[in-house]
Amino acid sequence: MVIHATTDEFKSVVLESKVPVLVDFWAEWCGPCRMLAPTLDKLAEELEGKASIVKIDVDAEKAIAAQYEVSSIPTLLVFKDGQLMDRRSGVMNIKQLKSMLGMA
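All letters in the sequence shown, in the order written, are residues 1113 to 1216 by this note's numbering.
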């Protein structure tokens, strides 16, 4: 299940997670973000218990987007043990996303 998180929830949902987390910075009006959404849903289902998929709406959560210098969307960040491990922008397929998480 994809988790929709707020800036206030970011620490507990992402930084304190026991499993790797893929964070998708997106917006409702973003076409490529909407194209990526079904792939993220499938990935979340496939990796349930092994990794988390978290979506952050950049329009609603400007502070966290600014903190991570998100200037284009979709921007995908991978966190492991609270540390930023990878960062990419654009639409990716499930194989590329698994690779980012170290689960290819």
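Keep in mind that the hints were calculated from the coordinates and are not lab data. Any given hint could turn out to be false.
[Stated by the list, open to error] In silico lysine-lysine, DSSO-like type, Cα no more than 27 Å apart, as pairs:
(1) K1162 x K1130
(2) K1162 x K1123
(3) K1130 x K1167
These are the hints, each one checked on the structure:
A threshold of 27 Å between alpha carbons decides the hint, and for K1162 with K1130 the separation of about 9 Å falls inside it, so the pair holds. This hinted pair checks out: K1162 and K1123 have alpha carbons roughly 19 Å apart, not beyond 27 Å. Proximity of K1130 to K1167 is assessed by CA-CA distance (about 18 Å); at most 27 Å being required, the pair is judged to hold.
Checked against the numbered hints listed earlier, the structure breaks none of them; every hint is satisfied.
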